[in-house]
Structures are given as structure tokens and as C-alpha cells.
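Engineer: The lines below spell out each chain.
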Amino acid sequence: MKKIYVREEWCLGCHLCEYYCANANLGGGNMAKALKGRPVHPRIRVEDDGKISFAVACRHCDEPLCRKGCIAGAISVADGVVCIDREKCVGCYTCILSCPYGAVLPAEDGHAVQKCELCIQTAGGSPACAEHCPNRAIVFEEGGASA
Amino acid sequence: MPIEGQVRIPSGCAIAGIFSRSGERMSGDDVIRSIAVMHDRSNGLGGGFAGYGIYPDYAAYYAFHLFYQEKKHPDAQQQCEAFLRRHFYIIHAGVIPTRKIPEITDEPRIWRYFVLPLPEKQETSQLDEQEFTARCALRINAEIEGAFVFSGGKNMGVFKGIGYPEDVGRFYRLEEYGGYSWTAHGRYPTNTPGWWGGAHPFGLLDCTVVHNGEISSYDANRRFIEMFNYQCTLQTDTEVITYIIDYLHRKQGLSLEETAAVVSAPFWSTLEEMPEPDRSTQIYLRKRFSNLLITGPFSIILGFEGGQMVLGDRLKLRGMVVGNHGDRFYAASEECAIRAVCPDIAKVWSPEAGEPVIVTMDRKEAAGTCAPR
Amino acid sequence: MKHVIIGNSAAAIGCVEGIRRASRTDDIVLVAAEPHHTYSRPLISYLMAGKTDRTKIRYRPENFYRANGVQAKLGRRALGIDPAGKIVTLDGGETIAYDNVLVATGSDPLIFPAEGLDQVENVRTFTTLDDAEALLRSVTAETRVFVVGAGLIGLKCAEGLRAITEHITVCDLAPRVLSSILEDAPAAILRRHLEENGIVLKLGTSVSSFARAGAACTATLRTGETVPFDQLVYAAGVRPNTALVKDAGGDVNRGILVDTLCRTSLPDVYAAGDCTESPDACSGERKVMALLPNAYLQGETAGITMAGATAPTLPLLPMNAIGFFGLHLLCAGVYDGERTEHTDGQNYRSFYTRDNTLRGYILLGRVERAGIYTALIRGRTPLDALDFAALRDQPGLIAFAGPVRAEILRNQDNQRKREAAAP
Amino acid sequence: MDLYVHPLFEVVRNEKKCVACRACERQCSNCVHAYNPDTGEMEADDSKCVNCHRCVSLCPTKALKIILTDHCFRPNANWPGENINEVYKQANSGGVLLSSMGTPKPHPVYFDRILLNASQVTNPPIDPLREPMETRVFLGKKSQKLERNAEGQLVDNLTPQIPLTMPLLFSAMSFGSISYNAHASLARAAAALGICYNTGEGGLHADFYPYGPHTIVQVASGRFGVHGDYLMAGAAVEIKMGQGAKPGIGGHLPGHKIAGDVARTRMIPPGSDAISPAPHHDIYSIEDLRQLVYSLKAATGNQKPIIVKIAAVHNVAAIASGVARSGADIIAIDGFRGGTGAAPTRIRDHVGIPIELALASVDARLREEGIRDDVSVIAGGSIRSSADWIKAIALGADACYIATGALLALGCHLCRQCHTGLCNWGIATQRPDLVKRLNPEIGAERLVNLVHAWQHELKEVMGGMGINSVEALRGNRLMLRGVAMTQEELDILGIKHAGV
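Taken in sequence, the protein lines are chains A, B, C and D.
Position 71 of the first sequence, counting from 1, maps to 71 under this note's numbering, and the rest follow consecutively.
Position 303 of the second sequence, counting from 1, maps to 303 under this note's numbering, and the rest follow consecutively.
Position 362 of the third sequence, counting from 1, maps to 362 under this note's numbering, and the rest follow consecutively.
Position 224 of the fourth sequence, counting from 1, maps to 224 under this note's numbering, and the rest follow consecutively.
Rather than coming from a laboratory, the hints here were simulated on the basis of the structure.
Do not take every clue at face value.
Computed list of lysine-lysine pairs in DSS-like fashion (alpha-carbon distance at most 25 Å, straight line) [said to hold, decoys possible]:
1) C:Lys246 to C:Lys2
2) D:Lys16 to D:Lys62
3) A:Lys33 to D:Lys62
4) D:Lys65 to D:Lys17
5) A:Lys36 to D:Lys16
6) D:Lys436 to B:Lys287
7) B:Lys287 to D:Lys297
So here's chain A without its partners, still in its complex pose:
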């Protein structure tokens, strides 16, 4: 299945993926309207120390520890995509405790968590981060062939 893979050697640290992600998760409309004047809550995060940078998003593990540890049964895997049921999530953060990549993040309201779901709900299955990465440092592909 296609997943998001990040390629550190091409990451420019522009952080645009975070904005495109945040916007996609707000419905993918006009970014200026959606994000103007407020902090963004992307599901992909760029780690950046000024020299090295790369984005981190959910890897959709074959053995997802987040799902196995979820006390609410709110995390499921559908067609390989690890998804969070916001309604069931009680915000205990066991998944944050479990995820080795730090890819599960508190949601804006703090009562639930969020993570990359490959834009299946938002951008029609074409992840906004990969689509808009100016340097193909984030790719959406089978098996990370180019990563």
C-alpha cells in the first residue's frame, strides 16, 4: 500500500507540509482564511535544528503499538491505514506513550489525539504534505521505494 515516506536528504525545513497538513485537516479550503492568525495543529511535524530537517508523520506500522495499546479501542486499521476514532478517543495519551516515532500528537482540543491518516478523510486520499512538498522530501508511494 502507499504510505508517506520522508526523505531527509531533500527536506528543506520550509515547514510548508505542516501548513498544508493543518489546512487539509481543516477541510482543505482557502489556507489564508483557515490559518490566518492562529496556531497550526498539523499531523506531520518537521524536526529541524537549523542544519538537519525532516518531517515525521505516522508510518502506519504493520504492528501498530498505538493500536495495541489503545485503552479505548479507538484506533483501528482500515486497509492498512491506522485511524483514530475521535469520538471514542478519551485523550489518555497511551498512544503517545507507545509510538516509537512520536507520530501521534495531541489534538487541538487536548481531549483527543490526532495523527496522519493519509488524508483519506480530507484530501481525497492524496496526502497534502506530499502533494505540496516543494522538493519531494515527502513522498506518497508503495514501499518507500525512493526513500
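Chain A is fixed; fit chains B, C and D onto it per the hints.
Structural biologist: Just chains B, C and D now, kept in the frame of chain A:
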């Protein structure tokens, strides 16, 4: 209005050819009937013929056919004959017999000369007989205004003029000639009244070309071939094709098949799939002579002493039909033109794109300049 | 193959899913004393607080049993296992033959005897859905609740009830909250936070006696203080339900002894979850690690093994993620070795390192991406191979050496394999 | 910064659209943008802006645009503001003005005054979607005498040729003047396209030897990076005698760009200036060139065609004739509108002649001398589109060199600041964080796209002309007509005026 030589005039056409493998001489009547069927492919602005074996009595001499535009250039004949006398031994000279018919008007003065180069002149030039003769003919055409050599081979002749080809044929009384090989041309130029010299066939020495089409590679070919002492004074396709064939075949020594592989080169994809050694040879030829590839529609009948070659373009953009019946070979733009003279023809077919069809006399004693090597 | 699973919580569900990963056809019979569809026990406090409901509390979708081909015998109690005859006996005398059986019976709350306890009418524990619903029925805005135990259950219960009533007092013998998982400093921060949110804490003391006067009760603490209350909740510890294995002759300590594949000492008898005692990957000691993620992992491992496949064995860690009134606490591992800590009064983080490995950590407040630390503990990653100083301040993959990071970013399976391969 | 010179550009930010993502700030190597934490808004320093459009392109809300300042001098037709500013700059610095890329001056572009022909009625256009349309060419000498073996079979005696799937090559840009990733993009694209790129005078990075069959290795006056393996690595060797943008001028890559791989590839010490002299010091006349040509042929065992690249100067036709007789297999002519990584402004803007005229006169001259077939001719120097390319071929070029177009495909926005080494697009820079911005995977793809698009256009135009193989377009000047030109210009171009 500019005429050929001052402007490039594309034209559509009809062509026909008849050939006797046994060398049997035929009157010009058949070829006239053949080309006449394709009347609508001409528009009355040019027609012409080439006949081979027609001057058996003067077979050893170059037969120069000349147009003199006496009205515009009254001195032309005098200048030209002076030139000829300086360079050739003239064994016979005189007007070419014609028949006054209402369809043909404004004819120039039409003469023919049977000549051989003066040995001392040829020796000084350090050229062989053919090259010397060819260069002299080209020089007349380029330098003597009002004089135009339109035929210059041995034991053959071109007959052409303004008019429908069947009228031109009657005008020249071709039924009175006997030849083993005839080609004919009916012309449909697009933007000029044309002039007599611009009609076809075009000839150089015993090579004549009748051509139907309009090649798109013209200026690429012309600018290249002119590097080798050719001058495309008429700016016609036929002229440049004739020179290309002359250059490749006579001067570079390529066989007719090899020549065809240059001008109608197969596509690279075809070449790559060819079996060896053809593959290597043809790829080499295409690389080596890429400037002589001819593109755009054409079908030609090349006449030469002892044979004919029919060749079409690499995409088969112009129709061409050939046929065999007994010792006769026929070629024409349309099958009807063949059936008009040979209703029960045994075999008729359309050659493949770029495929040369070469016929020669069964007896090879008369090898001309264009004969297969 | 026929598998019998006794229990219906995380370990049991993990076992079902484990079996189904290996086999779509094996028979599965699930026996559970509770009559409910599988639900998440830790969620009962959220139910109290209204953050979940009877439907959402389900641990798996409604069609779970059907979709997984599970014959569920809910509300039935397993009374005994005959390992020689390979038979499970249920209440009412029904017997089920098995090829493998999983004991996932969990634990039951303890109620320590105290003077006057027998006079108190409203005594509840807080581990089951029925417990929570009973409390929901009985507690109103005016109800004064007294919770015995300031551990995970007691405090979550207090937080949950706080959504209903303002009158909550929690008492614990330990001098700090969450004494089993927190050290003094973070506990102090948490305590202050709880108190700011209206929980009255009586720590370092215990109930000496209960007394009843009409509907109202009073607890007298050892300090001499008295705590009037209407509802008593006992949350002072649990005891693993080991009887089935013990009675069948299996090795049992505090919990049922199992190996890394969740095998008990009895042939074809497996155990997983809160009822077991298994090696802690950090200390190597056998422990009851009564934590839902571990229960699931054990159950899954057991299931895969029972179905005859090879299970990836993930080292089990003590670890907790818990939050009270918006303050999150994440901790894992053991607190031994060298400690570095940092606090700004509100947020707290401490790390415990020994022998070039991270042994444990406690994060309070700012907890994002803590799983990166957990993975270090689980994988026993050598700390000198990464920039741990930077990692402590800011969890991130950037702290790993380039090639390692590239590997992590490229393929999560490799990461998993690396963890699994760690000694 | 010169006190007298007002910033040329203004950064215009639409505050309604800006979400302060700071991508502009992070991406600007000139430090134009800055985030003000007090206001939470972005600010810009116009004076630093070079109008490279990196920020504009990446801005996710398209909140940015760069406009030309409307600040002005008192109007003066004789003294345009640009001249005045240049005086200020030189009065300030005392230096030669430096520029990058091709001249921006409004010199006549003859390509724009040449129109193409198409078939109509008398012969058929050819539909390239239905019929094969060939663009393959071989560059090199074609005038060998025919030979036959004992069986009468023709012998392939052609000297080595450069096979190209279409008559187009990426022209010389050195590693050093452009980045590793730019070279990687060009190399990959050339290989994918079946054409060639050109090392320029910077040597060939060890990583790119596998692309050798698609590489032209250059030997220029500084001889940087030249060694035996290098000469043998490519499809051909190019002797660079001159460059269209700076005829008569050498090159100078400052020491700060000579680091690591660049130094190693050039075979010079890191930090040393790489100075290519104006002349080759072993070529002071045409006969010396012949010696170098044959030296290189000897050094390569006669395996590699030799290209001689000359700038289009006034007597280019005579020079080309000399070069054609020097043993060179290919002559590359670089017109004066061609690009450069850095050149003195006055040279770039005022020395040389346009490629159209140079090409036409060279082609005509070689034909007049009957030696056109002894060499192939590559034309370069501002081939901006397939139309320019097609016209150049019809004028007589065997192939064209493109460089600026290729750089544009890689992201270059023609801000003409290559000489600063701060290229925000990762092209003309050696700064690792900037180089990284050009992912060669994307770069190569874009180059392939561009060239394929041009090839499609070439085929369409050829089809319209009824030509199905590009060799029949070469020198086919009847396919061209001029507009708005004097008879003299038409005569030099060897074309007729439209309507005739």
C-alpha cells in the same frame, strides 16, 4: 510573373513509363496514350517525354536538345552554337521536327545537336567525357541567357513543352520515333504559366527523371547538392532529384538500390530490425548521406540508358503502380494509365514505400551512365 | 483447533486477534463472567465524567465476535480447568473441550477490613462497568464521596466523580499520590493540581475506623481527622485472579507465572493480562504489570502462539499514560540509575539512566512524543549512539545518528525488528 | 550597499493572506524576510531582494509578489536610470560591473522575425500522431570517401559520431558554477532523453562517470579537471575557445566556491581561485588549434569526436572555416545572447553578434567552400523555445545547445545573481543548504518534460511542413521567411521576405 529558376514552383503531376526488356523499339504512341488517360492530373501547363534508343544512327554522340528564346534573346542561338563549337565536335545539327497544332502555342526555337567533346578541350579540363559534357550543358543553362539544354544523353532524347502531355507528344511527332524505353510527364504547377524549360522530364546526360510530388526537403537537398558543382537553376524537385541521383550513382558510385536507400531511407526503427549486412550498410548510408534524404511526397521514374527505376517516397504519399506483361514493364501514377495500353496486363502492383523497382534490358551491352553497377 | 478464552477484556481480545492473525478457521470460544460486550475497564472513569458512553466504551465494534468467528459465552463463569482432560468446566456444569486455553481473568479489587466498615452501606469498588454504573446511580451533586486509595484507580475515580460532585476526599497511606509510579517531586506537582481541581487529599494516613450516623458516615483517620461521607469507594489495590490455574496445579505466585510466550507451567494453558506475573523488560524481575497495553500484547502473543504461529515477542514494560483534569502524566520503565530531572513548577520531566541505557522516565505536563523515550527503554538503545542531552529536552528522531535515523525513517518494520531482536 | 542606489524591487505582502508560516524567511538566502514575534507578522527588507521568486513560488497562500520600484530619476532619455545607477556603483566600488546570465538588453532577436512554413494543398502535412516522425541525428564529420570491401559491401568508415535522439544538447555549465544537483539533474535527464550534457570547464565529478555516453567533456583554457580518464569518459571532447556571453574573456571562479568536491573535481587546491585565461596559452593561432585537436584525438585513441566551441564574433564565418579545416568534427557557435555564470557587464552586453546571423553566415560559408559535410554545426546562445530551435535547424544547424532554458526548467527565475553564489533555487551555488533545494529527481524530470515538450513541438512543426525526418529540415531555409527585416539582413540569413 517569375518562371522556374526565378522562383520555386511546386506542382502535382502524372507520370508514366513503358519499357521493353528485350530492347524492342516502340513508337511514342503508347506512352502518349498512357499519359493521356491521366489528363486531369495535368493542367495544360507542362508535359514531356523521354525516349531511349531513339537515335540509333547517332548512338555514339551526345544529343543536345535546346530551347532558344528567340524573342527575348535573339542572340541566344548564335552564342550557344559558338560555345558548342568551342567545346564539341558537332556531327549534326538541326531543328527538331514538330507539328503545328492549335493546342501548342508560343513554342521557342527547338534545336538538336549531336556532339562529342573536342578531345583537346576535354583533356585540358581533366574531366572524363561525361562530366565534361554535363558541365558544359550546365554552363549553357547557367550562363547563356535564352538558351537551355533540356536533353543531353546519348541515343536518347527529352521532348517537352507547355501544354497537356498528349498534345506535347503530338507536337513533337513522337509516333515517328522508336524507342525501347519511354517515360512521360503531365504537369500541374500551382502558380505559374510555366515555361518550356520548366516542363519535365528533367535530364542530365542520359539520366532523366519524371516526378510526381512535392518534396518538403527541397532546400535542404538543394543547398547540399550545390556544394558539388550542381546548380539548381530551375528550382524544381525534378532537377534536384536528378542531381542527387547523379551525384550518388554516377559520382559516388552507389548502386541504384543504395541510392534509393539514401533518398527514400527506411525509418530508423525499420533499419534496426533489418538483417545484416543490409542493416549496417543502410544505417551507414543514412548517416553518411543524411542531407540527401528526400521527404515529402514523390514518385519518380528514372530513365537511363538500358533501364528504368521506379521509386516512391518513404511514406508512400504518392500513388505509383507498376506492372509486367511479357517483356514489357509499365509504370504509372494510376493503374488506368497502364491498362489503357495493356488492358490484359499480367501483373500489376504497388511498390512499397521507398522500395525501388528497377528494370533493365535482358542484354546488358548498352550500359549507360545510370545503369546498375 | 479449538481455543477457549476465559476473559473478555484487553488480553482476551488480543488473544482473539492474535489467533485470527494466524488462522481464520480455528474455533474460538470466549467465556466471560461479565455479561457485557467487551469494554475497556480503564474507561469507566471517563464514563463517569461523561467523556464516553455505554456505546463508545466498547473496546471493539459491536460485530467483533461475529466478525472474528468467536462463540461468546458472556455472563458465564469458568469454574475449572482440567489440563489432563483438556476440559474447561463452566458454571452450570457445562464442559468445553479445548486444544488450548487462555486464562485472562484479570484481577479483583481488594477491600481491606477496617473497624466499622460493616456499618457502611454504600461501599463500592471501581473496576467494572457495573461498579461505575452503580456509582452513577447513587452519586449526586450533594453526595460526599470518600475514596480510599490515591493510586491510579482511586484518583481516576475521583476525577470521574468530580464531574458530578464537588465533595471528594481521597485518602492513602502513602505520603504521595500515585505512590507506585511517581516519585516525590512530580507527585507534589500532581497533588497540587488535584487539589486545585477540588479533590481533597489525605495522604500518609489511613482509616482507623468507620462510623455511621443515619444515612451519613464518617471515617476517622489515624491522624485523628474525621471525614464525613455518603459514598465510600475502595480503590486500595487489586488481586490477580489466579485460582483457575492454581487449582489446576499450575505455578502461581502473586500472579500466574508465564513466560514470554504467555505459557503457564501447564501444557496448553496460557495466561495473559492482569492475572499474570511476567518478566519486566527493564528490571528482569517478575512483576504483575496490570496495564492494558501489556495485557493486549500478551493476549496477542498468546493467541498467535496458540494458533501455532510464531509470535513477535515484544518486551513488556511497566508504563502508564494517565491524565487528571488536563494534566498529563506519562511514565515508563523503572526508576533506577542516574536521575536527571527538570521542572518549571508546572511541567516535570525526569530520566533514569544506567549502563548507557535509558531505564525509565516520568513526564508531567509536556508529554508530546514520549513514545520515542519508551522505545529507547524497550530497545535498550545505547545512549552514546545518540544525542541524549538534546533528546531529554526535546524528544525527536533528530537526536539519532544519521544512518540510524535514516533507517528509522525508511522502514518501521526494521525498527520493530530491531526492538524485537534486542536482548 | 551603495548609499546612492535605491532598491530596484519592492516586496509586496498581502497581509490578509499571509499566515506567517515563515517559509519565505526560511527560504531566502538574501535574508529579505523576517518574522516579528512582537506583531506576529512578517517583515521584508526590500533592499536585499534580488527578485528570484523563491518566496513567491513557495508561499502557500500566494501572499507575496515582487514589483519593480516606481522610484525614479528625473526623466532623461539620454541617461536612463540604469546607466546612472551603474555609474554610482562603479564610483562606489571602482570595479568592473559583473553580471550573470544572458544580456537583458533589447538587442534584435532575429528568431522573432522569422516565420515558419507549412504544407497546404499541394503536398500533405504529416500527422506526427499517426506517422513516424524522426528526430535522430549523428554529429560528426560525414565526408569520408566511400570504401567497399572485397565483397563490394560498403564499409562504415565514419569517424566517431555523437548519436542524439534529437538535435539538442545541454550546453556547457561547469560543476562549480552550478551545483552538484544541477549537474546530476542534467546528467540524468540527458541519459533519459538520449542526448548529451556538457561538463563545462569544471571537470567531471566522480559520481557522474556512469553518464559518460551522454556527457561532453570540455577542455578549456584553464584545463581544469582534465585527465586521461576524463577525456575518455564522454561521448565527445569539446575545446572551448570562446563563450557567446563573453567573447575574448576568460573565466574566474572565486576561491570561496572552490571547496570539497569542486576543488577535487577541478584538481586544484581548495580555496584557490580557478582562473581560466582569456586565450588558451597553447593556441595563439589556428594552426595551434589544429595541434590541440589532433592531440586530443591522439589522447583519446581517435575514439571521440572533437567539438570546437567558438563565440559568435564578427568574422565568425571565416573562423568557422578555419576550424572546419583544423580536424574538428563539430563546431559549436555560441551567440552573444547566451548565458554565463558571471561576466563583465560591458562585455556581455556589447561584444559579439547574434546567433542567427552567425549561424547563417557560417553555414553558408562552409557550403560555399564545399566543406559543410566535414563538420557538424551546433548553434547556441539563447535558444529559448522549440521555435528558436526549429528555426536554427532550418538555418543550417545540425543541433542546438540550450542552457538557460534548461536552468529555467530547474527553477531558475533569471534573477541574474549567479555570481553571488546565493542562488535560492540550488542551481548556481555551492552552499549545501541551498544545493539541497534542487532535488535532481525533480530536476531531471522537469528537464525531460521540457525537452520532450520541445520534441513534440518540433515534430508538430515538421509534420506541418511535410517533413518526417529532421535531417530534411536542416538548412532547409525555404521553410523560413523573414518579416520586418532589411534586405541585407535577409541576405545574410539566406531567406526571403514573407510574401515572396
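Engineer: Given the hint that lysine 33 (chain A) pairs with lysine 62 (chain D), test it: the Cα-Cα distance must not exceed 25 Å.
Structural biologist: holds, 12 Å
Engineer: For the pair supplied as a hint, lysine 36 (chain A) and lysine 16 (chain D), is the alpha-carbon distance within the 25 Å limit?
Structural biologist: With Cα atoms ~8 Å apart, lysine 36 (chain A) and lysine 16 (chain D) stay inside 25 Å; holds.
Engineer: With the threshold set at 25 Å, check whether the alpha-carbon distance from lysine 436 (chain D) to lysine 287 (chain B) stays at or below it.
Structural biologist: Violated, at roughly 42 Å.
Engineer: Between the alpha carbons of lysine 65 (chain D) and lysine 17 (chain D), is the straight-line distance 25 Å or under?
Structural biologist: With Cα atoms ~12 Å apart, lysine 65 (chain D) and lysine 17 (chain D) stay inside 25 Å; holds.
Engineer: Is lysine 16 (chain D) within 25 Å of lysine 62 (chain D), Cα to Cα?
Structural biologist: Roughly 11 Å separates the two Cα atoms, so the pair holds.
Engineer: Is the straight-line distance between the alpha-carbon of lysine 246 (chain C) and that of lysine 2 (chain C) 25 Å or less?
Structural biologist: holds, 23 Å
Engineer: Are the Cα positions of lysine 287 (chain B) and lysine 297 (chain D) separated by 25 Å at most?
Structural biologist: Judged against 25 Å, a Cα distance of about 21 Å means the pair holds.
Hint 6 from the list above is the single one not met by this structure.
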